[in-house]
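Colleague: One letter stands for each residue in the lines below.
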Amino acid sequence: MTPAELAERIRVRCPDTVVARGDVSTIVERDDLLETLAWLRDDDDLSLGFCSSVTATDWPGSDPRLWVAYELRSIEHRHRLRVKVGLADGDAHVPTVSSLYPTANWHERETRDFYGIEFDGHPNLRPLMLPEGWDGFPLLKTEELGGVNTRFEGAFIPPVDTRTTTT
Amino acid sequence: MPVERLEGVHLGKAPEEVEEEVRRGVLLTTLDRAVGWARKQSMWPATFGLACCAIEMMSAGAGRYDLSRWGMELFRASPRQADLMIVAGRVSQKMAPVLRRVYDQMPEPRWVISMGVCASAGGMFTNYAIVQGVDTIVPVDVYVPGCPPKPEMLMHGILKLHEKVRTTEPFK
Amino acid sequence: MADAPTSSASDPQARVDPVPRETHIDERTGELRQETMIINMGPQHPSTHGVLRLLLELDGETVIRCTPIIGYLHTGIEKNTEYRTWMQGVTYVTRADYLAPFFNELGYCLAVERLLGIEAPARAQVIRVLMNELNRISSHLVWLATGGMELGAVSVMLYGFRERELLLDIFEEATGLRMNHAYIRIGGVIMDLPDEGVPHIERFLEEMPARIDDYERLLDENPIWLERNVGVGMLSADEALSLGVTGPMLRAAGVAADVRKDEPYCGYETYDFQVPVGTGADAYTRYRLRIEEMRESMKIVRQCLDRLEPGPVMVQDPKVAWPAKLSVGPDGIGNDPAYIRHIMEESMEALIHHFKMVTEGVEVPAGEVYQAVESPRGELGFYVVSDGGHRPYRVKIRDPSFANLQAVPAMVEGSLVADTIAAIASLDPVMGGVDR
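Residue numbers (numbering that gives the first Met the number 0), protein chains in the order written: chain A, 0 to 166; chain B, 0 to 171; chain C, 0 to 435.
Derived by calculation from the structure, the hints in this document are not laboratory data.
A couple of the hints might just be wrong.
Stated by the list, open to error - Derived lysine-lysine pairs resembling DSBU-like cross-links, with alpha carbons at most 30 Å apart:
(1) K318/C - K355/C
(2) K298/C - K140/A
(3) K298/C - K355/C
(4) K149/B - K159/B
(5) K149/B - K318/C
(6) K163/B - K149/B
(7) K140/A - K355/C
(8) K83/A - K355/C
(9) K140/A - K83/A
(10) K298/C - K318/C
Unchecked claim - So the derived label-pair ranges between C-beta atoms look like this:
(11) P311/C - P2/A: 27 to 33 Å
(12) S46/A - D271/C: 46 to 52 Å
(13) D88/A - D25/C: 53 to 59 Å
Said to hold, decoys possible - If you want the ones that stay clear, here's a sample from chain B, every Cβ over 10 Å from chain C, calculated:
(14) T29
(15) R32
(16) G35
(17) S41
(18) T46
(19) G62
(20) W69
(21) R89
(22) S91
(23) Q92
(24) V97
(25) E107
(26) D140
Please read all numbers here as calculations on a predicted model, not as lab measurements.
Cβ coordinates follow ideal geometry from the N, Cα and C atoms, glycine included.
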């Protein structure tokens with residue numbers, strides 16, 4: 000389907016659907032997420048049964064603050080859709096979609112590592128990319144880039160020009 | 000090896016003692032040089048390729064840039080059998096304890112080449128995830144810059160290390 | 000240890016009997032069964048393709064459970080791009096999947112160009128496809144070399160890297176670097192091909208088919224290669240699709256999915272090429288597919304050379320184009336002396352423009368796009384969000400190896416440890432892309 004046709008089909012159930020720069024994206028509420036994704040996956044004309052990625056973006060200062068984006072793809076019909084869910088500051092949890100798309104298992108673990116979003120019902124929400132015991136969620140806009148004055152496991156690594164050489 | 004006789008030099012000791020010391024010194028110097036030469040001749044690297052620099056290190060070991068001309072094509076998987084650790088690639092915070100443990104497992108004498116700017120100083124990744132210079136974890140003998148360094152640059156670094164090893168006194 | 004998911008289509012219980020607690024004699028096979036052993040493979044290991052750690056629960060030589068643990072090469076590339084200009088993002092993104100740097104650059108640049116609403120000139124598109132397909136061949140050669148070495152065929156390692164050197168010579172001549180080129184930039188490519196570039200590539204196209212024939216003669220019917228690869232690392236189409244697997248892994252299971260055919264970019268719809276698809280779903284099928292892909296890539300390169308027309312390689316819009324005339328010299332990449340004279344002596348406005356474009360860079364309108372390209376490992380996607388400024392707001396790299404690695408437990412549980420090595424070799428993961 001072309002992006003415009005796809006948007007028309009989806010607008011029936013999810014009114015907040017736009018086509019921008021060739022991409023179709025729709026915004027759903029957290030409570031409707033699992034139902035909507037099940038419908039997107041099982042409908043024959045849509046058959047968006049392949050989840051490419053699950054990630055998040057941080058917009059501090061706006062409400063909702065965290066936006067989780069699910070990239071869905073249909074291999075048979077060769078079209079794509081982006082589903083977005085907005086989460087308010089301090090309310091960063093969303094149901095897991097790993098029951099519908101098993102590939103989302105690791106994507107959700109990574110998103111939790113970086114943004115602190117809890118995925119309710121996830122079978123194993125342990126750190127994936129960061130070491131166990133990492134303090135903070137690095138990709139939030141309120142976190143610094145780091146690299147200097149880094150703290151990890153009790154050690155403190157100062158900036159390069161103040162370091163002495165070890166032998 | 001011809002012995003250099005120091006004629007007419009008074010070292011503040013009796014001539015017989017001087018001669019004895021000179022003879023012993025020459026013997027040890029010869030032994031030092033022999034050991035230094037032997038150590039650099041066939042230095043086996045441990046496999047510690049992490050990222051892009053690892054591919055260039057493998058290219059250095061492959062056919063065109065042959066590390067085998069110095070007896071170094073045999074990358075040992077077990078650090079207990081290796082002399083040299085070429086840290087090739089960016090070291091993340093999660094990998095740092097593993098790096099230190101592999102270094103600790105290597106028996107003396109051991110050397111470390113830090114290959115690439117990421118291992119030497121953090122490279123372009125001045126951020127939370129990368130250790131800013133592997134010399135904060137292990138002592139480094141030779142730093143090879145580059146992103147990634149061409150195999151010829153790595154070979155230059157290895158030859159510098161060979162020079163360092165050859166001229167170091169092994170028995171202090 | 001229920002970590003990575005296994006879909007109901009692949010019930011691990013069907014492959015391996017559950018191991019009870021006490022030592023006993025198995026009625027079916029008559030062998031002595033004892034408790035399982037948990038061992039750790041990696042992260043420093045010669046055969047795990049980089050810093051991958053596998054936690055294996057073994058019953059003798061059989062793998063009962065396998066848990067891949069990643070994150071040992073996490074570099075924070077995505078966070079770093081938010082602190083640099085759009086053009087500098089290319090140098091960061093190119094080091095994610097370091098065996099296929101042109102693909103990373105292409106995906107990122109196509110996404111940003113969609114946000115800008117511009118298109119690179121025709122010659123730049125052809126050069127992009129040309130470099131990408133040559134990179135696909137070099138990435139498959141590294142896969143063959145390391146895969147062969149891990150299975151014990153050490154001479155394949157030397158042959159693979161020997162052929163790869165031919166390609167790296169071409170890359171060095173065209174871009175100045177052997178790896179991580181930052182050649183494909185927003186608006187086109189940064190330099191035109193040098194004069195000797197096209198004849199060099201033509202010489203390569205003449206030599207390479209014979210070398211691929213050599214590989215096939217050595218390995219195709221080699222009994223050891225067949226023993227180690229046939230029936231190893233099975234992954235059916237249902238499992239693969241639900242686990243998010245793409246690339247030769249998916250095509251070996253019979254699903255004809257290739258982003259170049261499904262959602263063409265850079266003019267791929269105008270090139271005549273096939274996408275090899277197999278039905279064996281094992282490591283041997285993936286080997287055959289990758290060899291065929293190398294041949295198809297050479298066909299595409301031939302078509303690219305035939306349709307190269309003179310023209311600009313960077314978009315002409317002064318607000319976007321990189322303000323320099325670069326070329327590869329004997330001591331590296333340098334600026335054209337006439338251009339330097341122009342900005343230093345002749346025109347103040349040109350100097351100011353050059354300064355602003357290099358330090359601030361292009362300004363990209365607000366919005367978000369997802370752009371997918373077909374890398375040698377599968378669907379490589381870039382989710383790029385802009386807030387209208389000079390720096391990216393969010394760059395998410397959807398790396399194919401990250402999704403493919405989730406399939407390791409499904410492929411490996413129930414088989415022997417040595418088959419684990421063969422299965423991971425056939426998966427061709429690049430940990431730089433997995434961990435980013």
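Colleague: Could you check that no beta carbon of chain C comes within 10 Å of the beta carbon of Q92/B?
Modeller: 8 Å, violated
Colleague: K298/C and K140/A: Cα distance at most 30 Å?
Modeller: Since the Cα atoms of K298/C and K140/A sit roughly 46 Å apart, the hinted pair is violated (cutoff 30 Å).
Colleague: Given the hint that K163/B pairs with K149/B, test it: the Cα-Cα distance must not exceed 30 Å.
Modeller: 21 Å, holds
Colleague: Holds or violated: K149/B with K318/C, Cα cutoff 30 Å?
Modeller: Outside the cut-off at roughly 35 Å; violated.
Colleague: Hey, K140/A versus K83/A, does the alpha-carbon distance stay inside 30 Å?
Modeller: Within the cut-off at roughly 19 Å; holds.
Colleague: Is the Cβ of T46/B more than 10 Å away from each Cβ in chain C?
Modeller: 5 Å, violated
Colleague: Are the Cα positions of K83/A and K355/C separated by 30 Å at most?
Modeller: Distance of about 36 Å is beyond 30 Å: violated.
Colleague: Beyond 10 Å on every Cβ pair: is that true for R32/B relative to chain C?
Modeller: Consistent with the label, R32/B stays out of reach of chain C, its closest Cβ about 34 Å off (over 10 Å).
Colleague: For E107/B, which was marked as not at the interface, is the minimum beta-carbon distance to chain C over 10 Å?
Modeller: About 20 Å separates E107/B from the closest Cβ of chain C, which puts it past 10 Å; holds.
Colleague: Tell me if the beta carbons of S46/A and D271/C are separated by a distance inside 46 to 52 Å.
Modeller: 29 Å, violated
Colleague: Test the statement that V97/B is away from the interface with chain C: the closest C-beta pair must be farther apart than 10 Å.
Modeller: 6 Å, violated
Colleague: Evaluate the condition: distance from the CB of S41/B to the nearest CB of chain C exceeds 10 Å.
Modeller: About 19 Å separates S41/B from the closest Cβ of chain C, which puts it past 10 Å; holds.
Of the numbered hints given earlier, the model fails hints 2, 3, 5, 8, 10, 12, 18, 19, 21, 22, 23, 24; all others are met.
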